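**Student:** Residue numbers (this note's numbering), protein chains in the order written: chain R, 6 to 593; chain A, 81 to 455.
Derived by calculation from the structure, the hints in this document are not laboratory data. Misleading hints may appear alongside valid ones.
Claimed, not checked - Pairs of lysine-lysine, BS3-like flavour, derived with a Cα cap of 30 Å:
| hint | chain 1 | residue 1 | chain 2 | residue 2 |
| --- | --- | --- | --- | --- |
| 1 | A | K218 | R | K144 |
| 2 | R | K212 | A | K218 |
| 3 | R | K515 | R | K144 |
| 4 | R | K212 | A | K339 |
The model shown is predicted, which means the values in this text are computed figures rather than measured ones.
If you want the building blocks of each chain, they are given just below.
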Amino acid sequence: MSLPASEAARPDDASLSLQFDDADADLLARAFRTPGDGPRAWRLNGEAHRISLIDGFDRLLAWPSLRGVVRYPHQERTCLRVLREMRGRAILADEVGLGKTIEAGLLLKEYAIRGLVRRALILTPASLTGQWREEMESKFELPFAVLRSVGDWERRPFLIASIDTAKRDPHRALAQRTSWDLVIVDEAHRLKNRLSVNWRFVAGLSKKYMLLLTATPVQNDMDELFNLVSLLKPGALHTYDRFVERYVGSADGRVPAHVPELRDRLRDVMVRNRRGIAFTLPPRRVHSLPVRLSPRERRLYDDVTEFVRDAYWSVSGRMSWAARLTLIVLQREIGSSTFAVAETLNRLTQSPLFGSAERGRLEALRDDARAIPSNVKADRLAGFLRSSDEKALVFTQYLRTMQYLKGVLERDGHRVVVYHGGLQPSAKDAAVQAFRGDGQIFLSTEAGGEGRNLQFARTVVNYDLPWNPLRIEQRIGRVHRLGQEREVHVVNLWAQDTVEAYLMELLDRKIHMFELVVGELDLILGTLDDRRSFEDMMMEIWTLRQAEERRAALRRLGDALVRARDQYDAMRERNDEVLRDVSDEVPA
Amino acid sequence: MSDAEALRRFVLDALADVGATVSEAEPLSWIHAPERVRSGLEVPATFAITFDPDRTGDFEAELVAPGSYFLERIVALAASRGRWDVARFEAPGAGWIERSLSEAGLGSETGVHLETAELGQTVLLLLSFRVTLVSDEKREHFHLIAVSPTTGSAWEVDPTVEDSGLMAFPEARIEPDLETAYRLGTEKLRETTREAVGAFRAVSLGLLEEEVRRIFGYFDRTIEEIQAADPDGSQDLLRAVQGERDRRLAETLERFDPKARASLCAIRAIHVPTALLRLRLPHGSGIAATVDAWSRRVHGLACDICHGIDGPWIPHAGAVRCARCPPTPAESVRPRGRPRSDTPRRGTRDGRGSARSPRGSTARSRASSGRRRAP
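Let the hints inform the model, and build the full structure from the sequences given.
**Tutor:** Take a look at the structure:
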């Protein structure tokens, strides 16, 4: 039988009295036995305590001094609301691109500064663990570790884990045994089903505060919303039967009922900032610059592709993961430049991954690559840049391509600034400063200015195209983000009859990826195939031997992408219908 | 002074206090730290700090801002030093005893007569405390409590004025009764913070009650719905729901359980001139009291009504009562001596009008109702 609520809530003692620290006795024992540190030290002791006093959540302490973060008022409002009114249990359901990760990181930081969070767990899809770790470190100085072994549950107070790993034994038991101060779940729409292992795992975690991050709390039906809210605050939407009776208007559970009342209830647990007038991003204009390879480049491309296909299928089933990865790198590099691929070919001539016959072929390919003095694509890039006075960010995946392009562009009279992961932090700062000053071209690898404020430029050139579309999106996101006021130009260079041409076909023509807001692509690809990455799917198509087979597979993937995009559009509309105006705030 | 300026001054001062040399080169400050503090601060011999988050990339400068790791370390360093100190206070010229008595409500204008004053020295102790209230939020306060072990009294001191007039006295050798001082100080701190602690507890328990009610409501009704849908259904399902309810309740109780902690931060001993006084009250016999030149508090008196030992005082029927205690009924209708006022009385040209006739509340009430009735 249940205890009456009031009885359960009342501790036995009627008052709360101060408990004094045991360490006080040490000070009493030591004081005045030796000379003190002087009156200034006494005064500073008092100031040290007063400066570090915490007075509830009267203001955000870390917000004014975050590094590499462009601060927006809606994020500050959101955090104060979660801290003061929702008391640390909230669904952060901002529309895509409004900075849910920043809000979550800031909340975590505010709790950590106050000593209220000493153990925190971030659960994400596996592909995002590294990104979360990097952001928490660089923007919030929060030393998170990514889960590597079972010992990490005990050792690491700030841990990031893939939810798919964490929910399985032995990790599950260890995670649920730990008492977490804060649990953050990214892509929380994966907790939509209360019978799923994901939902039950998160429900079974012992936690004080919890943040669920999702731009689409309702994916298919209203049950998902109920399950998400019940995880956070059971009873906030009544019991399940009452919820269905009151707020679901159709048998398939897709149509909401009594929506204004439902929104009222959701306001206690959810913040959803929407893009408004201030956050309407300027349009993107996409420029496609196809290139016809020179005969020598063409021959090298085809020969490398043939080698990759042969190697990929010749030892099918027995090929090591390392060998498979090597072949993917080789194929990607030849899509970037002959200079990038020449270095890898040279390394592979010594590699034990290949037999002597294959090494012979690799040597010949290397010599062919080295014999090509320039690339047509670089000439096309130089031509494009000559036609524009704008500052431009030029992205490549490879350092060797970057070095080659730097020479080409400087000879052409451009002031080039290079930026890559190997630079010291101070050199990176200097590079951004130089680009902000009189630099014309910001030539960058994938590490290019993550978190840097580069919105003063508005042209992004993809000299080569990463096979992972999210990386392309990240590049564009460097300039097409909150704060950009001018139309953004995205320039894609790609050679005909290459993997990159396939990518353009799928991403540009099929799903109009370059028109999406940063963050939306992830949601589209997320519905595509849980088991294989987009890169793997591309490689499997590209290595098919028959051209007809390749075309058919490409068509199938294209159709799947279109369906995923339609599904996403429908989902977005559904969320807007239910959750519009959930936040009292004016649109951001 | 703005928060930012105060932070900057504190950090540079704290670094200088441990022997670091600081050279300013806006927007950076270059610090050369002595060997003994480098490991504690986790810094090399020479390093840069900045208070501007956008300049942390310059020479890999350490950011000093709320929440920054460097500020955390410098605060910890400063809080580990200066934990005891000795100071002295010099009497501010002649007449301090009379001024102190007057401020305490016992000046000659009240009819109190100072018979004798025997001068001496005493040691007061200042104890600083950090009070932390925690439930699912945290609120902290800093308190400075002065204790006079000789008179057994303790009182709160405003930290912003505590330092004024004090001089370093490093050569003093003292062995104060810290146990007694700590006991008196902690008792006073409990009294001072009682209201804030009570309010914090009430808020936390209010939230806890609301959460617990919602959890019980949700799970109990869910169980009813399950039973109604399938009266012969599995008991395992019901047990699982009850298990989840108990787990959520435990989580909630833990989250909103209010705690109040206090820790002693530092102690300062102050050598202060004192005077042992013999006072004669109007209509009463003589009483003994002491007064110190630093706090100017008169010790050794107790309120005739509430027995409190904090002034200011009002002489009362051969004894004293504290100004906070209401006058007795007899006192309120009886004319008594008041301190002379410079404010002219209403209704007279030069302020020398006849004194108002003493009236009790009934008389005031009648007078006002009479005015209301007048045509």
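**Student:** All hints are to be evaluated individually against the structure, with a verdict given for each.
**Tutor:** Against the structure, the hints come out as follows:
At roughly 24 Å between alpha-carbon atoms, A:K218 and R:K144 fall within 30 Å of each other, so this suggested pair holds. Only pairs whose Cα atoms come within 30 Å are accepted, and R:K212 paired with A:K218 is accepted, the gap being roughly 17 Å. With a C-alpha separation of about 36 Å, the suggested pairing of R:K515 with R:K144 is violated against the 30 Å cut-off. For the hint pairing R:K212 with A:K339, the CA-to-CA distance comes to about 18 Å; that is within 30 Å, so the pair holds.
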